[in-house]
Amino acid sequence: MITFKNVTKRYDNSTIAVDNLSLEAPKGKITIFVGPSGCGKTTSLRMINRLITPSSGTIMLDGQPTEAIDLARLRRKIGYVIQHAGLFPHLTVVQNIATTARLIGIAKKQALGIASELIERVGLDRTFANRYPWQLSGGQQQRVGVARALASDPEFMLMDEPFSAVDPVVRHQLQEEFLRLQRDIGKTIIMVTHDIDEALKLGDQVAVLRTGGILAQIASPQELLSKPADAFVADFVGRDRGYRYLGFVDATSSLAVAAEPAAPLGTEPSTARALTRDRWILVTNAAAQPMGWVDLDQQTGPIRESDLNLSGTLASQSGNLRQVLDAALSAPSGRGVIVGTSGALLGSVRLAEIVTAIESAKAVGMGARS
Amino acid sequence: MISWITNPQHWTGSDAIPLLIGQHLAYSAVALAIAVLIGFPIGLYVGHTRRGVVMVAGTANALRALPSLGLIVLLVILFGPVFASDLAFLIPCVIVLVLLAVPPIMTNTYAGIAAVDPAAVDAARGMGYSSLGVLLHVELPCALPLIFSGLRSATLQVISTATIAAYVSLGGLGRLIIDGLAQRDYFEMVAGAVLVGALTLVVDLLIALASRFTLSRGLMR
Ligand SMILES: Nc1ncnc2c1ncn2[C@@H]1O[C@H](COP(=O)(O)OP(=O)(O)OP(=O)(O)O)[C@@H](O)[C@H]1O
Ligand SMILES: [Mg+2]
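These protein sequence lines map, in sequence, to chains A and B.
If you count the first sequence from 1, position 300 lands on 300 in the UniProt record's numbering, and the numbers rise without skipping.
If you count the second sequence from 1, position 33 lands on 33 in the UniProt record's numbering, and the numbers rise without skipping.
Since the hints were made in silico from the structure, they are not lab data.
Nothing here was measured: the structure is a model prediction, and the numbers come from that model.
All C-beta atoms in this analysis are idealised placements derived from N, C-alpha and C, irrespective of residue type, glycine included.
Incorrect hints may appear among the rest.
[As the list claims (entries may be wrong)] One side of the interface only, derived from the structure: several residues of chain B facing chain A at Cβ under 8 Å: (1) Arg64; (2) Ala65; (3) Ala120; (4) Asp122; (5) Gly126; (6) Gly128; (7) Leu132; (8) Arg184.
Hey, can you work out the whole structure from these sequences and the hints?
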């Protein structure tokens, strides 16, 4: 657990970067600091490992004030990941990762062993081990940065905009991998971002800071969406907060999945028409996985891959109302396709039923997942 | 000129070519070693702490502006009464060469450290490296390419300028040039100049090779 107790940071030129901050980052959870540029997120983070000294107040790790811990020991207990990874250019990937393990006194050979295992853990191929940082893409460097912070198996992790230097597709990928990793390792993490979507997606708890380094609200993502503390938070959380809130409502309990007729590739239009009364039919592959929709009014020959309308998204069986609603909205048939864990078709849900589910979720108030 | 160099008479005696090359290298090596001892730590300190940047730049510029020939004559006049024997000439000569070599070594070391990716340095500090650890494990290895190039240009300047040792009655390849001039033996002069040039090239090549094998591939692209 990381605790801030009345922490203030005033810089020489008398700007107050962090103003009387008190909060707790619970053990094994992800706490996100989010807020507009210059609101003191980085300053708050760097005060934890004392790269910046607080002007007043105390920061504690599991109840122990950080001033009471030897500086090198403190920092070695805390993994630190920064925006542009900050890899050591003269060392290979595996040597870079091994540095933190070496710092806590692990022998070289063993440290390199730990490092090569971590390469795969963060989603890189083992062949990257002997590359140098300049031979990696931004996203790959970022993964190495995370692996390096993990190599000493620290109790705590600080991450300053770790996914901001990469394109949206890679960022999404890194976020997913990060969540998967965290499910295994369960570290106490504080992450900084200025991207509210990232905060809501990754955080167990989100602290919204406002300019001047003042804590505006600290709450779970769903609470932030459903009960913003004030106009600033409401504005910062954004316009589609009603829609995004659905991302935290479990869909499985409230929706009945109906059977959805499906035609394999190569089906003749006449055969397909016999399967359904609708104009659109879902097409599946050999593994029964949905591929796309076909408009039977237009179809003349056997269904080929090039005939498919690919606009529909898929919602997973264990997904949330936002995914299901999006699947229904994006499908030309208006039916949201639901798939199982293997990606095989389970059935579909109609838009009207989803709206009913949303209404009842609203009525219950907090149908939210914790 | 070639026949002058290959003439066996010029390979023996007090003016033998190998002897002159040896002297030339000795002056240069002593001066470079002292210059490294002075310039390298200062460059490291200033680069690491960012203290005294202006002073280093100013000193280096001032040193570069010194005229070597004028300085050596001045120093010989000053030191002449103080030291007996060759030292009265040797010390001024080495001082002049040291002053020549310090600026490139010092400024390149400083510049190399200052140019290290600040994110890498920040990460190192955040990971728990001590201040010295950051310098030795991150800043110094990353600065090596620039440090080597500073050493290279210092070496080139020192070897070519070491000819002035002969001007104050010391040895080295400058002897051939000075004596050649005195005796109007132009072949001897040219031979001296060519030998200095060749020596410079060979030493430069050796340093280049050494740096090739010491530098991390991560720093070369
Ligand atoms: N070394 C410093 N000296 C003086 N003021 C500083 C210093 N570092 C930061 N500040 C100021 O403190 C405030 C908070 O800075 P900080 O870097 O913590 O913001 P941030 O929330 O991380 O912003 P961003 O999202 O842009 O990274 C800013 O107003 C900044 O100008
Ligand atoms: Mg910041």
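Verification of the hints:
1. Against a cut-off of 8 Å between C-beta atoms, the interface hint on B:Arg64 is violated, since the closest Cβ of chain A lies about 30 Å away.
2. Taking 8 Å as the C-beta contact cut-off toward chain A, the hint placing B:Ala65 at the interface is violated, the least distance being around 35 Å.
3. Checking B:Ala120 against chain A by beta carbon gives a least distance of about 5 Å; that is within 8 Å, so the hint holds.
4. Because the beta carbon of B:Asp122 sits about 6 Å from the nearest beta carbon in chain A, less than 8 Å, this interface hint is met.
5. With a cut of 8 Å, the hint placing B:Gly126 at the interface with chain A holds, because the nearest CB-to-CB distance is about 4 Å.
6. With a least beta-carbon distance of about 3 Å to chain A, the hint placing B:Gly128 at the interface is held under the 8 Å criterion.
7. At its closest, the beta carbon of B:Leu132 sits 11 Å from a beta carbon of chain A; the interface hint therefore is violated under the 8 Å criterion.
8. This hint is violated: B:Arg184 has a C-beta 55 Å from the nearest C-beta of chain A, more than the 8 Å allowed.
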